[in-house]
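Trainee: Just so we're aligned: the sequence shown equals residues 1 to 188 in full-length UniProt numbering.
Hints may be right or wrong, so weigh each one.
Claimed, not checked - Okay, the calculated beta carbon distance ranges per label pair: (1) Asn112 / Tyr78: 34 to 42 Å; (2) Thr177 / Ser126: 14 to 22 Å; (3) Ala76 / Ala102: 30 to 38 Å; (4) Ala147 / Ala76: 16 to 24 Å; (5) Gln77 / Ala129: 17 to 25 Å.
Keep in mind the hints are simulated off the structure, nothing from the lab. Think of the CB as a built atom: it goes at the ideal place given N, C-alpha and C, for glycine as much as any other residue.
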Amino acid sequence: MRTLRVIPVVIGAAAATLIGTTSVVGGASPPELVARARTDAERGGSVQVSATPPPPSQPAADPATVVVERTNAVRAQYGLAPLTVHPRLVQAAQAHSNDQAAHQRMSHTGSNGSTMANRVDASGYSWSAIAENVAAGQRTASSVTDAWLGSPGHRANMLNGSLVHIGVAVAYSSTGTPYWTMVLGAPR
Numbered sequence: 001m002r003t004l005r006v007i008p009v010v011i012g013a014a015a016a017t018l019i020g021t022t023s024v025v026g027g028a029s030p031p032e033l034v035a036r037a038r039t040d041a042e043r044g045g046s047v048q049v050s051a052t053p054p055p056p057s058q059p060a061a062d063p064a065t066v067v068v069e070r071t072n073a074v075r076a077q078y079g080l081a082p083l084t085v086h087p088r089l090v091q092a093a094q095a096h097s098n099d100q101a102a103h104q105r106m107s108h109t110g111s112n113g114s115t116m117a118n119r120v121d122a123s124g125y126s127w128s129a130i131a132e133n134v135a136a137g138q139r140t141a142s143s144v145t146d147a148w149l150g151s152p153g154h155r156a157n158m159l160n161g162s163l164v165h166i167g168v169a170v171a172y173s174s175t176g177t178p179y180w181t182m183v184l185g186a187p188r
C-alpha cells in the first residue's frame, strides 16, 4: 500500500493542495502543477512540488514622502541641510490642498480668502519665515517635484537655506486632478 502526503502550497494568491513527496514539478501554473501531481500519483509515483511564492508587493511610497526625499536630495547637492517634516506644516499644506481640490482651483489664496500666513498661523506653527509652493495636475511626486525645481521661484523656496521645516500634501478633486501644496518654514 502506498502512502500519499498532502502538501498545501500557496502560489500567489491561490492556494493549491498538491499530492506527493519526492519528484519536482516546476515552471507550471497552479492548475498544471495539481494535474501533474495527480497524474504522477495515479501512476504510482510520488511527487513533491516546490514553488516559490512571489515576493510581497512593496507598498506604494507616500507621495508627500517622495517629494520631501527628492527635495532633500537636491538640497544636499547644494550643501544645504535636509528639511525636517513638521506636522503643523503638513496640516497647513493638507488644508490648502483639500481646499484647492474641493474648489478645483489652484491658487496661493484659499477659497475663504486665506493667505499662506493665515493657514500656517491656524496650524499653530510659530514662524519667523515661511514659503509655499502649489501645483495642480502633476500625477506623481516626481513630476511635481521636477516642475517646482524647473521654476525659479519655486526652486528658490526649496533651496532656501534659512528654511528648516517642510510639510507636503496632495488632495484629489472629484475629477481626479491632484492638487499639491508644499509649505516650508523656519521657527520663531
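Trainee: Confirm or reject each hint.
Mentor: Here's how the hints hold up against the structure:
1. Asn112 / Tyr78: 34 to 42 Å: holds, 36 Å
2. Thr177 / Ser126: 14 to 22 Å: Since threonine 177 and serine 126 have Cβ atoms about 33 Å apart, the given range 14 to 22 Å is violated.
3. Ala76 / Ala102: 30 to 38 Å: holds, 36 Å
4. Ala147 / Ala76: 16 to 24 Å: holds, 20 Å
5. Gln77 / Ala129: 17 to 25 Å: holds, 22 Å
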